[in-house]
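Let's have the full structure, built from the sequences with the hints guiding it.
Top to bottom, those sequences are chains A and B. Numbered by the working numbering, the letters in the first sequence go through residues 1366 to 1559 in order. Numbered by the working numbering, the letters in the second sequence go through residues 8 to 420 in order.
Derived by calculation from the structure, the hints in this document are not laboratory data. The reader is advised that the hints may include incorrect statements.
As the list claims (entries may be wrong) - List time: in silico DSS-like cross-link candidates among lysine-lysine, alpha-carbon distance up to 30 Å:
#: 1; chain 1: B; residue 1: Lys261; chain 2: A; residue 2: Lys1416
#: 2; chain 1: B; residue 1: Lys265; chain 2: A; residue 2: Lys1416
#: 3; chain 1: B; residue 1: Lys220; chain 2: A; residue 2: Lys1416
#: 4; chain 1: A; residue 1: Lys1540; chain 2: B; residue 2: Lys239
#: 5; chain 1: B; residue 1: Lys357; chain 2: B; residue 2: Lys172
#: 6; chain 1: B; residue 1: Lys261; chain 2: A; residue 2: Lys1540
#: 7; chain 1: B; residue 1: Lys220; chain 2: A; residue 2: Lys1540
#: 8; chain 1: B; residue 1: Lys261; chain 2: B; residue 2: Lys317
#: 9; chain 1: B; residue 1: Lys265; chain 2: B; residue 2: Lys239
#: 10; chain 1: B; residue 1: Lys63; chain 2: B; residue 2: Lys87
#: 11; chain 1: A; residue 1: Lys1540; chain 2: B; residue 2: Lys265
#: 12; chain 1: B; residue 1: Lys172; chain 2: B; residue 2: Lys420
#: 13; chain 1: B; residue 1: Lys239; chain 2: A; residue 2: Lys1416
#: 14; chain 1: B; residue 1: Lys420; chain 2: B; residue 2: Lys357
#: 15; chain 1: B; residue 1: Lys162; chain 2: B; residue 2: Lys420
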Amino acid sequence: MKLINKILVLVVLIACTSFAQLTDSTYSLTAEFGAGYSRYFTTMDYNDLNKNGFSGTVRVMWNPEHLLSVGLETGYQYLYSIDISNYDTEFGTTDFSASMYTIPIFIMFSMKVTPNIRFNAGTGMYLLFNSGNMFDDALESNQISIGGHFGVAYTYPINKNISVGGELLYSYFSKIQDQTVALQFVFVYKFLEY
Amino acid sequence: MKKILLTIASLLFIYSCNNEVDIVNPVVDPSNFLAQTKPLNFDSKLIMDGVYEVVKGAELLGDQVVIKWNRDRLSIFSGKNGGYIILEGGYLDSVIFFFGHWRYSTNTETGAASFYIPADEGGGEIISGDTTTTIRLIGTYGFGNEIANQPLVFKFKREFSQEVKQGNFDILAHRGGGRNSEYLGVSENSIEMINIAERFGTTGVEIDARLSKDGVAFLYHDNDINLRLTQKSLIWGDIENFTWAQLRTLVILKNGEKIPSLREALEFVLEETNLRTVWLDTKDVDVLPTSIALQQEILQRAAQMGRDLKIYIGLPAQDVYDAFVAYPGFQDVPSLCELSLDQVRQANSKVWAPRWTQGTQTDAVQQMHAEGKKAFVWTLDEPSYIEQFVNDGEFDGILTNYPTILSYYHYIK
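Put into structure tokens, the structure is as follows:
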């Protein structure tokens, strides 16, 4: 993981120096929608843990004349679920289920390294939602974690205002020290230009 | 732009930090020699207690050490880096053998240690229960998992002072014996931690009580499930959101233990240890009635067993204090109040427990003594302050995360 981080930093730094201050003549606001598959990575050792799920992001980005865009992001990210019947415990046997998903509230930065490729990085807080059932008692809890994610996106313009593409997104949740990697389809809509 | 990149780079750096520390568990008594020895009896153990000169091995532990049996282990406390040795022992013929490990409590350095007391250097007298002042422990120590081959020799110097022997000073270990950050290999606020607390010289433990969603009191310090205290689990969030069965089944403490209920902890203290003081800190105001009921039950059982055990309900904050003084018959509930002297009197607390940063407060401590109350101070971890409070203060007990350091300064007094 450290190596990936270092490579990401290096790429961002190279991109900054190589493409610095290539200008666009206009400012714009874009809405970016991403949806796809997410894989959760953890050291928790449960055979029945389902780590595959949905990942979705919604971003509003401000694209100035520079290569760096800034914006806000929210979304949804599935982390895990587990469902065990006849789970043996010191209190007896029970059916047990638990799941967790998260909603990010992030500030996002996006760096265009080629006309079609962007590096995205964001940080902020994740709202973690935990639910389930054990011994017929609901498990309901939520908490806040700081975190961040880094991604690379490829988008292809369909017309002047719409682009589509894909994004590979790595996310880290500091509270639980786990991570996800998501592969998303991306739809970008430029809704304001000035 | 630079600021943004710096921020991103900083976040990447923080996320890539690994705060795990590898703790070595030295190989102790690899041939299981101790299995061939016989255990020393209680009177023999008492003979060994005292202050010893370090004849060889001063580079490890300084010029003198304190040697004291605590329940089933021989503990050796030094003034250098909070160094200590914990040994198991037994005798064969007229020679006493010990195997164990040393550690610096202020870092993670550790290693194996082993000793013997020859028959003509005190071994014979100790085994037969005869008082002797010519005790010499001859041994070796090593680093990490290396073979213990560095010489270490202790020679009896003096008994503990009358002040120490006749006093009732409490060496109070924080969170059952020490925090997770002390790398003791067991988790704070666990039965396993309470079980080893006496090896560090502890005479009392401070433990933290909370209440589960379904009303079971248990030991846990923080208000949420987090990786400082627990391993990764399927449930996260505020700990009060979960039932006892859920917590007990799904949450594993940092070093692999289960969360103990308050009942289990207090029964363990009563039945399995020689601890004489429990500071039952109240982390959740709702736990008070359960804590008090358990306190009364365990104290009653202690009295029936003829066991000198004190359990104090901790009153650390105003909300807990208010709930306590609203409790029927609170005047008869032994409590420990961290607030003002007036509140100590109002609550009829047995103990006043100020924060150490307020100094030794000798006048106030004497005032409490004059009113038949004790005074403990918390949480004192810096060795120089521990030494100062032991020598200059008049407290009846000190709460610390480093009971081995406190033990050293107390017993050399």
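Against the structure, the hints:
no., hint, in the structure
1, B:Lys261 / A:Lys1416, "23 Å, holds"
2, B:Lys265 / A:Lys1416, "26 Å, holds"
3, B:Lys220 / A:Lys1416, "28 Å, holds"
4, A:Lys1540 / B:Lys239, "10 Å, holds"
5, B:Lys357 / B:Lys172, "23 Å, holds"
6, B:Lys261 / A:Lys1540, "15 Å, holds"
7, B:Lys220 / A:Lys1540, "22 Å, holds"
8, B:Lys261 / B:Lys317, "29 Å, holds"
9, B:Lys265 / B:Lys239, "13 Å, holds"
10, B:Lys63 / B:Lys87, "15 Å, holds"
11, A:Lys1540 / B:Lys265, "21 Å, holds"
12, B:Lys172 / B:Lys420, "10 Å, holds"
13, B:Lys239 / A:Lys1416, "15 Å, holds"
14, B:Lys420 / B:Lys357, "26 Å, holds"
15, B:Lys162 / B:Lys420, "18 Å, holds"
When each numbered hint is compared with the structure, no violation occurs for any of them.
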